[in-house]
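S.K.: Sequence:
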Amino acid sequence: MHLPMALCWINYIIKRMRFWNRLQTMIINTLLFEWGLAKDLLAITSLMAQASTLANMIKTLKRPTTV
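Be aware that the sequence shown starts at 1, since it is given in the UniProt record's numbering, and climbs by one per residue.
Mixed in with the good hints there might be a few duds.
Listed next, with one range per pair, are the computed distances between beta-carbon atoms [said to hold, decoys possible]: (1) R63 with P4: 29 to 37 Å; (2) F33 with R63: 26 to 34 Å; (3) N29 with M57: 16 to 24 Å.
Calculated pairs, SDA-like style, for lysine to any residue (alpha carbon to alpha carbon, straight line, at most 20 Å) [said to hold, decoys possible]: (4) K62 with S52; (5) K62 with N11; (6) K59 with Y12; (7) K62 with T25; (8) K62 with Y12; (9) K59 with R22; (10) K59 with A49; (11) K59 with F33; (12) K59 with L47; (13) K59 with T25; (14) K62 with S46; (15) K62 with L23; (16) K62 with R22; (17) K59 with I13; (18) K62 with M26; (19) K59 with N11; (20) K59 with I27; (21) K62 with I13; (22) K59 with C8; (23) K59 with M26; (24) K59 with W9; (25) K62 with I27; (26) K62 with Q50.
Worth flagging that the hints you see were computed from the coordinates, not collected in a lab. The C-beta atom is built at its ideal place from N, Cα and C for all residues, glycine as well.
Just need the whole structure built from these sequences, with the hints factored in.
M.R.: Spelled out as structure tokens, the structure:
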């Protein structure tokens with residue numbers, strides 16, 4: 001099953017940002033719970049790509065902020 005690998009990658013992406021860590025973790029965990037039945041690699045890869053895109057967007061928006 002590819003879900004643990006997706007969790008590792010998503011957690012790595014989330015931990016690159018400090019300020020949004022808890023909010024992002026909550027959102028991604030909710031998404032993963034909803035996607036939990038999708039076991040094929042394509043669906044998980046798509047979710048990882050969405051998380052990465054979201055992380056990059058927020059990182060760009062919050063770049064000057066230090067917490």
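S.K.: Determine for every hint whether it applies to the structure shown.
M.R.: Hints, verified against the model:
1. R63 with P4: 29 to 37 Å: holds (31 Å)
2. F33 with R63: 26 to 34 Å: Between F33 and R63, where Cβ atoms are some 30 Å apart, the hint holds.
3. N29 with M57: 16 to 24 Å: holds (19 Å)
4. K62 with S52: Satisfied, since the Cα-Cα distance of roughly 15 Å is no more than 20 Å.
5. K62 with N11: holds (18 Å)
6. K59 with Y12: holds (14 Å)
7. K62 with T25: Holds. K62 to T25 sits at ~17 Å (cutoff 20 Å).
8. K62 with Y12: holds (18 Å)
9. K59 with R22: holds (14 Å)
10. K59 with A49: holds (15 Å)
11. K59 with F33: Not satisfied, since the Cα-Cα distance of roughly 24 Å exceeds 20 Å.
12. K59 with L47: Distance of about 18 Å is within 20 Å: holds.
13. K59 with T25: holds (15 Å)
14. K62 with S46: It is violated: about 24 Å lies between the C-alpha atoms, which goes past 20 Å.
15. K62 with L23: Measuring from Cα to Cα gives roughly 14 Å; hence the hint holds.
16. K62 with R22: holds (15 Å)
17. K59 with I13: Holds, at roughly 10 Å.
18. K62 with M26: Within the cut-off at roughly 19 Å; holds.
19. K59 with N11: Holds, because 15 Å separates the two Cα atoms, which is no more than 20 Å.
20. K59 with I27: holds (16 Å)
21. K62 with I13: holds (15 Å)
22. K59 with C8: Holds. K59 to C8 sits at ~19 Å (cutoff 20 Å).
23. K59 with M26: holds (17 Å)
24. K59 with W9: Given that 20 Å is the threshold and the Cα spacing comes to 16 Å, the pair holds.
25. K62 with I27: holds (18 Å)
26. K62 with Q50: holds (18 Å)
In the structure shown, a violation is registered for the earlier hints numbered 11, 14, in ascending order.
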